[in-house]
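Enquirer: Heads up: the protein sequence lines correspond to chains A and B, in order. Residue 127 in my numbering sits at position 118 of the first sequence, with consecutive numbering throughout. Residue 19 in my numbering sits at position 7 of the second sequence, with consecutive numbering throughout.
The set of hints was computed from the structure by calculation and includes no laboratory data. Among the hints, a few may not be true.
So the derived label-pair ranges between C-beta atoms look like this [what the hints assert, rightly or not]:
| # | chain 1 | residue 1 | chain 2 | residue 2 | range |
| --- | --- | --- | --- | --- | --- |
| 1 | A | R41 | B | R59 | 26 to 36 Å |
| 2 | A | I169 | B | R59 | 15 to 25 Å |
| 3 | A | L129 | B | G44 | 33 to 43 Å |
| 4 | B | R59 | A | V171 | 28 to 38 Å |
| 5 | B | G78 | A | V23 | 51 to 61 Å |
| 6 | B | V47 | A | G19 | 27 to 37 Å |
| 7 | A | L30 | B | D26 | 54 to 64 Å |
Predicted model, so just to flag it, every value in this text is computed and none were measured. Where a beta carbon is used, it is the ideal one built from N, C-alpha and C, also for glycine.
In case you want the letters, here they are:
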Amino acid sequence: MAKWLGDPRGNFEVMMLAGGLAVLAGLGFIIRDLVRILPNRDVPVPVDLTDVPHDLLLDGTASAEVTEAVIQVSGLGPFPHAIVLAAALMPTLTLMVVAVCFAQLGRSFLKGDFFTAGCLVAITTAAFTLMLGASVIPLLEVMAANSALATVDISFGQPISVDVVMFVAGFALGVVGYAFQRGARLQRDTEGLV
Amino acid sequence: MPTDDDGRVHCRLDELLEERGMTLAKLAELVGVTVVNLSVLKNDRARAIRFSTLTAICDVLQCQVGDLLVVTPRP
């Protein structure tokens with residue numbers, strides 16, 4: 010097991026495989042969301058109840074605080090419908106872009122190509138996608154929740170936040186991308202060095 | 013950028029080896045550089061050379077840097 014973990018080729022193959030599987034899973038999620046949302050009937054929309062917490066009685070004695078709920082709305086207007094659809098698809102699309110980038114990196118590493126333009130593009134794309142997704146996904150989710158609540162004539166402020174973990178992951182990947190950029194320059198500089 | 017002048021440095025390794033009756037493989041062994049790298053240098057395909065490599069070659073061939081590398085005139 011330890012030997013397998015220490016084998017770079019094995020790791021790159023796993024990276025490729027995981028990326029490919031994530032893309033396939035992403036396609037499945039997209040189809041599921043399209044089927045749920047496109048008909049515009051009983052569309053499930055997650056709503057954040059952090060600012061208006063509700064107590065929920067469990068089995069008559071224990072209680073719990075509800076901070077999230079899923080409301081089902083029908084007959085959304087074109088713009089709210091598009092927002093709800095985008096909010097549902099964006100996390101999966103973000104995951105798929107990052108997965109494609111990692112699969113591409115695994116393929117390049119497996120071939121022994123490390124500091125190539127393709128690797129740089131893959132790392133930079135993944136980093137930017139994660140950083141963009143960290144702010145766009147929560148924003149779309151808030152807009153979708155507000156649109157859904159407006160449809161049922163309810164209005165309360167949804168907290169807007171940034172996905173810090175995703176942003177930090179994107180930033181860290183960006184730093185790795187910068188290291189790759191420097192590595193590519195070093196490799197170029199040492200070409201033909203004897 | 014000196015890129016236009018890339019390739020104007022000619023390596024006289026062939027001539028020096030011939031004068032000394034030495035093979036490239038032997039030189040590689042004495043210098044501690046791979047034959048592939050010496051071949052790159054000999055065929056003027058090298059774009060840079062480490063001082064350590066240069067010194068070692070000059071030591072083995074008992075020559076000066078100027079004997080090994082010459083700058084050819086601009087065309």
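Enquirer: If a hint holds in the structure, say so; if it doesn't, say that too.
Expert: Hints and how they fare:
1. Taking the beta carbon of each, R41(A) and R59(B) are about 55 Å apart, not inside 26 to 36 Å as hinted.
2. In this structure the hint that I169(A) and R59(B) lie 15 to 25 Å apart at CB is violated, the actual value being about 54 Å.
3. As the Cβ distance of L129(A) to G44(B) is approximately 34 Å, the hint placing it in 33 to 43 Å holds.
4. Hint check: R59(B) to V171(A), Cβ distance near 47 Å, so the stated range 28 to 38 Å is violated.
5. At roughly 55 Å, the beta-carbon separation of G78(B) and V23(A) lies within the given 51 to 61 Å, and the hint holds.
6. The hinted window of 27 to 37 Å between V47(B) and G19(A) holds, with their beta carbons roughly 33 Å apart.
7. Restraint check, L30(A) to D26(B): a C-beta distance of roughly 56 Å satisfies the suggested window 54 to 64 Å.
Checked against the numbered hints above, the structure breaks hints 1, 2, 4 and satisfies the rest.
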